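These protein sequence lines map, in sequence, to chains A and B. Residue numbers for the first sequence follow my numbering, beginning at 1 and rising by one. Residue numbers for the second sequence follow my numbering, beginning at 1001 and rising by one.
Keep in mind the hints are simulated off the structure, nothing from the lab. From a predicted model like this one, the values you see are computed outputs, not experimental measurements. Cβ coordinates follow ideal geometry from the N, Cα and C atoms, glycine included. There may be inaccurate statements among the hints.
Said to hold, decoys possible - Calculated cross-link-like contacts (lysine to any residue; reagent style SDA-like; alpha-carbon spacing at most 25 angstroms): (1) LYS103/A x SER1040/B; (2) LYS103/A x ILE1048/B; (3) LYS1042/B x GLN37/A.
Claimed, not checked - Computed Cβ-Cβ distance ranges for the label pairs, DEER-style: (4) MET41/A x ILE1020/B: 17 to 27 angstroms; (5) PRO75/A x PHE1095/B: 37 to 47 angstroms; (6) GLN1058/B x ASP56/A: 16 to 26 angstroms.
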Amino acid sequence: NAGVTQTPKFQVLKTGQSMTLQCAQDMNHEYMSWYRQDPGMGLRLIHYSVGAGITDQGEVPNGYNVSRSTTEDFPLRLLSAAPSQTSVYFCASSYGGQVTNEKLFFGSGTQLSVL
Amino acid sequence: GESVGLHLPTLSVQEGDNSIINCAYSNSASDYFIWYKQESGKGPQFIIDIRSNMDKRQGQRVTVLLNKTVKHLSLQIAATQPGDSAVYFCAENKFPGQGAQKLVFGQGTRLTINP
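Turn these sequences into a full structure, and let the hints steer you where they fit.
Structure follows, in structure tokens:
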């Protein structure tokens, strides 16, 4: 199993550009999520999904969209990038869907810079 | 701010000594806690987790202690090795019973091993 795969690893955008961060997992996990990591602030939850067709907002959802058309994929879209979205983005997944506590498996991250 | 915080942002220990990393949480209703290790340029890696109905859980060279009275969590690493150098994050499921888990992470503690 490849686990959680994120692409690209690095990306530079100009303010106002759009892009999609890709995330795929091959572990048949129901739960998938996106976090951003900023210096000194740990990881903050952006959006999450408990299964195909179901998404919900996390702590910092503004400026980001997600969809979950398949169990395997959970892309994160930036519609109009802003410098405040410069960060490292992590996708994570776990077995559980609703109302379960399960450890998250993380991808290796996407480092995004918005100029 | 973060509901999960760390007492020390950095910790230096001698190789072979035991390390103790501390974490405070604010929500007494949190029912699940987890520790992650993050090496430079990589995604967080699961170390150990504990549910609120337990006080202690042991893994290979690691022990997590949960003190619900003072809302404190600690990670003990026995016989610290150079490979243990990393940033360590604690996280809690801050909204139990409100749907899928939403892990809230602390800012992290950087562990440095001195030869």
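Hints, one by one, checked against the model:
no., hint, in the structure
1, LYS103/A x SER1040/B, "21 angstroms, holds"
2, LYS103/A x ILE1048/B, "9 angstroms, holds"
3, LYS1042/B x GLN37/A, "12 angstroms, holds"
4, MET41/A x ILE1020/B: 17 to 27 angstroms, "23 angstroms, holds"
5, PRO75/A x PHE1095/B: 37 to 47 angstroms, "25 angstroms, violated"
6, GLN1058/B x ASP56/A: 16 to 26 angstroms, "34 angstroms, violated"
Checked against the numbered hints given earlier, this structure breaks hints 5 and 6; the rest are met.
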